[in-house]
Amino acid sequence: CSFCCPPECTCVWTDWIDVYYPTPDRNDGDYETFDRIENAIPSWECAKVENISCRASKFPDSAIADLGQKVECSVEHGLICNNKDQTIGGLIPMPVCLNYEIKVCCTPNIPGCIPTTTPVPSTSTTTTTVPPPSST
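Here this note's numbering is used: the first residue of the sequence shown is 1, the next is one more, and so on.
Just so you know, the hints here were simulated from the structure itself, not pulled from any lab data.
Even glycine gets a Cβ: it sits at the ideal position worked out from N, Cα and C.
Worth double-checking, as some hints may not be accurate.
[Unchecked claim] In silico SDA-like cross-links for lysine to any residue, where the CA-CA straight-line distance does not exceed 20 Å: (1) Lys48 / Val12; (2) Lys48 / Ile110; (3) Lys103 / Ser43; (4) Lys58 / Pro24; (5) Lys84 / Gly68; (6) Lys103 / Arg26; (7) Lys58 / Ile110; (8) Lys70 / Ile92; (9) Lys48 / Lys70; (10) Lys103 / Cys46; (11) Lys58 / Glu101; (12) Lys48 / Asn82; (13) Lys84 / Pro60; (14) Lys84 / Asn39; (15) Lys84 / Cys73; (16) Lys48 / Ile92; (17) Lys103 / Pro24; (18) Lys70 / Ser43; (19) Lys103 / Ser57; (20) Lys70 / Asn82; (21) Lys70 / Asn83; (22) Lys84 / Ile110.
[To be verified] Label-pair ranges, simulated between beta-carbon atoms: (23) Trp13 / Ala65: 30 to 40 Å; (24) Glu8 / Trp44: 15 to 25 Å; (25) Met94 / Asp66: 12 to 22 Å.
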């Protein structure tokens with residue numbers, strides 16, 4: 001759809017990003033969230049995440065669903081894995097999160113690429129009924 005958006009606004013995939021390593025602490029986990037990425041990589045700019053791919057760094061060819069862990073992988077937050085949500089079993093014998101990494105498809109931070117929400121001015125319409133001319 002060449003008339004929809006300029007080509008420079010097409011989302012671009014990042015490399016794999018891994019800014020947090022989980023510890024065995026029950027209150028920890030793996031958090032590859034956009035806030036953490038922005039803090040860890042100041043040059044990282046992503047105006048809008050359009051798509052995301054998540055994988056376990058030690059099992060790059062396995063689908064997350066096949067790893068037996070409860071993990072959120074979303075364009076809203078990034079990746080969230082809480083140790084307390086894991087059960088014994090799956091690929092590792094301890095109820096802790098694997099180390100995950102993500103890559104995202106980002107819309108460039110270029111004016112015109114990100115739709116801005118502009119309030120639509122309200123208009124009022126007044127209807128006046130004009131009687132037909134009377135014949136005399």
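- [ ] Output the numbers, in ascending order, of every earlier hint that fails for this structure.
- [x] Structure breaks hints 6, 7, 9, 12, 13, 14, 16, 17, 18, 22, 23.
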